[in-house]
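Same order as they appear, the protein sequences are chains W and Z. Using my numbering, you'd call the opening residue of the first sequence number 1392 and step up by one each time. Using my numbering, you'd call the opening residue of the second sequence number 41 and step up by one each time.
Just so you know, the hints here were simulated from the structure itself, not pulled from any lab data. Note that the structure is predicted; figures quoted are calculated from it, not measured. Please note that a few of the clues may not be correct.
[Said to hold, decoys possible] Derived lysine to aspartate or glutamate pairs resembling DMTMM-like cross-links, with alpha carbons at most 20 angstroms apart:
| id | chain 1 | residue 1 | chain 2 | residue 2 |
| --- | --- | --- | --- | --- |
| 1 | Z | Lys-43 | W | Glu-1463 |
| 2 | Z | Lys-109 | W | Glu-1463 |
| 3 | Z | Lys-43 | W | Asp-1487 |
[Stated by the list, open to error] Label pairs and their in silico Cβ distance ranges:
| id | chain 1 | residue 1 | chain 2 | residue 2 | range |
| --- | --- | --- | --- | --- | --- |
| 4 | Z | Gly-141 | W | Asp-1447 | 19 to 27 angstroms |
| 5 | W | Tyr-1491 | Z | Arg-121 | 20 to 28 angstroms |
| 6 | Z | Asn-63 | W | Thr-1398 | 32 to 40 angstroms |
| 7 | Z | Asn-94 | W | Thr-1411 | 17 to 25 angstroms |
| 8 | Z | Gln-82 | W | Pro-1466 | 17 to 25 angstroms |
| 9 | W | Asn-1419 | Z | Thr-119 | 42 to 50 angstroms |
| 10 | W | Gly-1431 | Z | Gly-69 | 21 to 29 angstroms |
| 11 | W | Thr-1411 | Z | Ala-105 | 24 to 32 angstroms |
| 12 | W | Thr-1461 | Z | Glu-106 | 42 to 50 angstroms |
| 13 | W | Val-1403 | Z | Ala-103 | 41 to 49 angstroms |
| 14 | W | Asp-1464 | Z | Gln-82 | 43 to 51 angstroms |
| 15 | W | Thr-1398 | Z | Thr-119 | 40 to 48 angstroms |
[Stated by the list, open to error] One side only, chain Z facing chain W, incomplete, derived with CB under 10 angstroms:
| id | residue |
| --- | --- |
| 16 | His-74 |
| 17 | Tyr-76 |
| 18 | Pro-84 |
| 19 | Glu-85 |
| 20 | Tyr-86 |
| 21 | Thr-92 |
| 22 | Asn-94 |
| 23 | Asn-96 |
| 24 | Arg-121 |
| 25 | Val-125 |
| 26 | Tyr-127 |
| 27 | Leu-138 |
| 28 | Val-139 |
| 29 | Ile-148 |
Every residue, glycine too, gets a C-beta built ideally from N, C-alpha and C.
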Amino acid sequence: NAGVTQTPKFQVLKTGQSMTLQCAQDMNHEYMSWYRQDPGMGLRLIHYSVGAGITDQGEVPNGYNVSRSTTEDFPLRLLSAAPSQTSVYFCASRRDRGHYGYTFGSGTRLTVV
Amino acid sequence: DAKTTQPNSMESNEEEPVHLPCNHSTISGTDYIHWYRQLPSQGPEYVIHGLTSNVNNRMASLAIAEDRKSSTLILHRATLRDAAVYYCILSSQGAQKLVFGQGTRLTINP
């Protein structure tokens, strides 16, 4: 199993540009989440989803959009990049039944100049 | 979401046991105690979780106080690879999200 795959690993954007961070999991997990981690800080939840077609906002949703058209994919869209969105972005997933830990991707390091 | 309190940093020596504390005085009856760790330049990694009883797995042990207001993650014999930030997180059963705090940065001396 590949687990949680995030692409790209690194990206540099200019202010105002838009882009989509990709997240895919092959474990048939219902729950998926996006986090951002600023230097020296803990992770903050951006958006999350409990299944295809269902998404909700986390702590810091402004400037980001998500959709969940399939169980496998949960892309994160930056609408108009700002320097404050420079961060490392992590995607995570877990099963919806029982009580299991989340599996995290290896992250996307985004710099907005 | 109930909050947790952890020391900002701890230091230990290689091959010695490490006890990482976590206070969660406002824990509810349905909250599970989760521990994750984040190695340098990597995503977080699930370590262990428990509800009331102490738990053991291949990575660590989790000791939960009788009143559940605190818990301790125990690494029985630390290695240099265990140097990481350790996060203690409360999560209700079927929780749809995790809320991270600042965690404890663990340094292991050779």
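Structure-inconsistent hints, enumerated in ascending order: The structure conflicts with hints 1, 2, 3, 7, 9, 10, 11, 14, 15, 21, 22, 23, 24 and 29, although it agrees with all the remaining ones.
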